[in-house]
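Go ahead and model the full structure; you've got the sequences and the hints to work with.
Letter by letter, the chains look like this.
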Amino acid sequence: MWWVIMAGIEGNLAALERVLRDVYKQKLPVEEIYILGDVIGIGGDNEGVVERICNPPATELIPHVCRGWWEEQVLTVHGLYGSVAPIELIEQFGPQASRQLGEGVSEKLVWWIQSLHFGFLEFDCLLVHGSSVSVSECLSPETSPWVILDRFQRVGARYLFSARSHSLFHCIIEEGMVESQVETVEGRRINQVKQAETKHLIGVGRVNGKDGSSYVLYNPYTGEIRLRRMD
Amino acid sequence: MKIAVLSCIHANLPALEAVLRDIEKNHCDAIYSLGDLVGYGPHPNEVVNKIRELQIPSTQGCWDEDIVEGLNACECSYPSLLAEKRGRMAHEWTNQQITPENREFLAKLPLMLHLDNLCFTHGSPHSNHEYILPEMDAFCALERVLAASADVLFCGHTHIPYVRTLNPGQLSVKLKKGNGVTERQFSSSVKRIINVGSVGEPRHGRPNATYVIYDQDTERVWIREVEYDYEKTCRDIIERGLPSIFAWRLSRGLEFAEKAPDASHVCQR
Amino acid sequence: MIIAVLGNYGVGKTHWIRREIAQLPDKNAVVYLSPKTDKFPLDATILKSEFPDISIQQTASIEKLKDAGQNTTVYLEIPPYLEWKSVEEVLQKLQSKKVVLQYKGEESPWIAAADEVIVFDREFNLDPFDPLEIHRGLLTGEVLDYPSLETFWQELTGGAYGEILRVKGIFNVFTGECIYGEYLYPDFNPDFLSLNFPLCLQGRPTNFSGIEIIGKNLDKQTIADTLSEFCLSDEAIAYYQQQIRDNSQQEEEG
Chain A
1 MWWVIMAGIE
11 GNLAALERVL
21 RDVYKQKLPV
31 EEIYILGDVI
41 GIGGDNEGVV
51 ERICNPPATE
61 LIPHVCRGWW
71 EEQVLTVHGL
81 YGSVAPIELI
91 EQFGPQASRQ
101 LGEGVSEKLV
111 WWIQSLHFGF
121 LEFDCLLVHG
131 SSVSVSECLS
141 PETSPWVILD
151 RFQRVGARYL
161 FSARSHSLFH
171 CIIEEGMVES
181 QVETVEGRRI
191 NQVKQAETKH
201 LIGVGRVNGK
211 DGSSYVLYNP
221 YTGEIRLRRM
231 D
Chain B
232 MKIAVLSCIH
242 ANLPALEAVL
252 RDIEKNHCDA
262 IYSLGDLVGY
272 GPHPNEVVNK
282 IRELQIPSTQ
292 GCWDEDIVEG
302 LNACECSYPS
312 LLAEKRGRMA
322 HEWTNQQITP
332 ENREFLAKLP
342 LMLHLDNLCF
352 THGSPHSNHE
362 YILPEMDAFC
372 ALERVLAASA
382 DVLFCGHTHI
392 PYVRTLNPGQ
402 LSVKLKKGNG
412 VTERQFSSSV
422 KRIINVGSVG
432 EPRHGRPNAT
442 YVIYDQDTER
452 VWIREVEYDY
462 EKTCRDIIER
472 GLPSIFAWRL
482 SRGLEFAEKA
492 PDASHVCQR
Chain C
501 MIIAVLGNYG
511 VGKTHWIRRE
521 IAQLPDKNAV
531 VYLSPKTDKF
541 PLDATILKSE
551 FPDISIQQTA
561 SIEKLKDAGQ
571 NTTVYLEIPP
581 YLEWKSVEEV
591 LQKLQSKKVV
601 LQYKGEESPW
611 IAAADEVIVF
621 DREFNLDPFD
631 PLEIHRGLLT
641 GEVLDYPSLE
651 TFWQELTGGA
661 YGEILRVKGI
671 FNVFTGECIY
681 GEYLYPDFNP
691 DFLSLNFPLC
701 LQGRPTNFSG
711 IEIIGKNLDK
721 QTIADTLSEF
731 CLSDEAIAYY
741 QQQIRDNSQQ
751 EEEG
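Protein chains in written order, with this note's numbering: chain A, 1 to 231; chain B, 232 to 500; chain C, 501 to 754.
Treat the hints with care, as some may be off.
Said to hold, decoys possible - For each label pair, taking beta carbons as the anchor points, the in silico distance ranges come out as: (1) SER115/A <-> LEU632/C: 58 to 64 angstroms; (2) LEU285/B <-> PRO220/A: 39 to 45 angstroms; (3) TRP453/B <-> GLU752/C: 31 to 37 angstroms; (4) LEU632/C <-> ASP460/B: 30 to 36 angstroms; (5) ARG519/C <-> GLY472/B: 49 to 55 angstroms; (6) GLN96/A <-> ASP446/B: 43 to 49 angstroms.
These are calculated hints, taken from the structure and not from any lab test.
C-beta: ideal position from N, C-alpha, C; glycine also.
Below, the structure is given as structure tokens:
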């Protein structure tokens, strides 16, 4: 049984349809579909994509969706999350993006976004848009492996599926060890040797990618991971 | 250079004065404070005045922040309804007492201070509400020191002092991307986390104040435990109209209030 | 048979009765009565939770009790603060067996009347707690925040609100459970026992709930004020109850 894990549709209905066709054409037994946020974006058919996700044909699965960076921007613009101003959004896309998300997103869509979870913890897998710390944190192969390991340890996961980097990769951290000593006020000394189990950080790519779509197939029963790129 | 580092004075002047005398006796060259100058205790202005007068560099603690920004910690900061009500009572009292100049001073305190390879912060580099407990997963602990861009991270907030040395760690990373597979090795150098305990609100089971002396040249650490006239503070708590239970808890080394049960929880403000 | 159980604070009268009842084959043939506790039936509630079939009497005439004693076992738990002269008269009329529980080395005032003496293997000096005060807080209908109760219990038994000899309490908590806690100087006992009552998942609980504190220099006002700080509001109770119902529904479905 396989899980299909994708993210970054950004309102691109055609790209989503193409990925879904690719999924079902492989004739793999699919158990769950996870969409790790950025379902919506700026300028695309957000309503159409959400409609397609929530009401698929009877033969398809209803995907589990968690909050992405774009969804968090919508909530921020509508005053439903975090700081007063959508600073990150304005810095990266300018003030007109803030207006677009304010006026161009229907109340119904805002309500749907509000209902999304931060992420999913299934078996030993954490599925999130960014990291266990935040939606906007980007974990990539360039991130310090000590930081990556911390994000695993916080939730006790062995597999972390993340979308924020937009890239498709599989990073395996193995043979980690840290030895430490604690001295207390009573003068006691406690030694600790911490061995890290092998951890898998998976960048799930992006449906609305610049050079085509990418997504991930994962078999939670065997641990097999397939990075799928469609040019 | 010998540095004294203190934290969590919590408006307890007799405790601060006793610690300052101990620092003088031990010939320290500098003093750093990790915040929570106010809250729960009966001497908020006296303590802030003392820190200002002695020009002790201080970071901002969660209580200092709340006095400036208003109490907006989420409910999770409190382990129980009783703790929440007591916390609010202490907050309101302090809020009424603090002078505008001292509030302004608290508002300008930085979240982090650096000195060479040392970093000073109240809770953790991520949040002044995070507890770095001695049993924290070693990888997480290491990440906190790295996040502080330091070799030695001084923190407080838990009110129980300890010194944790993280020996060099190793990691091996394999990356699959596109068609290629690459392998890399990473190692970290020795890092330390020094929790300096609490001057005015100890939690180690005795009412004595705790703080830390660090020698930059030899890298030696001394956890200091200083007796002081806690009964004076207890009397002032009652005389100045704070709940008498604060005095009882202080005299038992139980801290004025309980600690949140989920230590790793970071308040999402 | 009528068995009167006498003894000082904390000597284990209710515990002794519990053990006795446990050994009786027919719990339906057991009657329990503790005089002058009808408004605060703490021990009776504990026994009822463990032995639902026993009969709890609030008050009864001497004739009725004698009748009951014909074909059932009647346990009379006598609170130590009752005036002994009048108690003795009643016990004589009832022709009850008098079991006296006492601490090792204690000069029990009831010993002369005892048919059976049971010595608790522990020395105990009540003198430091003289003059003894009793504070009772009725909490029926209240639901408490459990983490706050733990803190309060630690403070109370640690002496924050007076010098404490004995505490017993039955509390309804936000999980819908009814729990029992007890303390006898100087043994701190942080554990609460869940009583065998159905979970309360709708409205306020109706079972007896309250705390009995025995000690010296009790700061009764602060005790009452502190307890009221963590009694939950109707909204909070409804919220927790909804969560518990949702969780149990999910478990059933899962």
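Structure-based check of each hint:
1. SER115/A <-> LEU632/C: 58 to 64 angstroms: holds, 59 angstroms
2. LEU285/B <-> PRO220/A: 39 to 45 angstroms: Violated, at about 59 angstroms.
3. TRP453/B <-> GLU752/C: 31 to 37 angstroms: violated, 58 angstroms
4. LEU632/C <-> ASP460/B: 30 to 36 angstroms: holds, 34 angstroms
5. ARG519/C <-> GLY472/B: 49 to 55 angstroms: holds, 50 angstroms
6. GLN96/A <-> ASP446/B: 43 to 49 angstroms: violated, 57 angstroms
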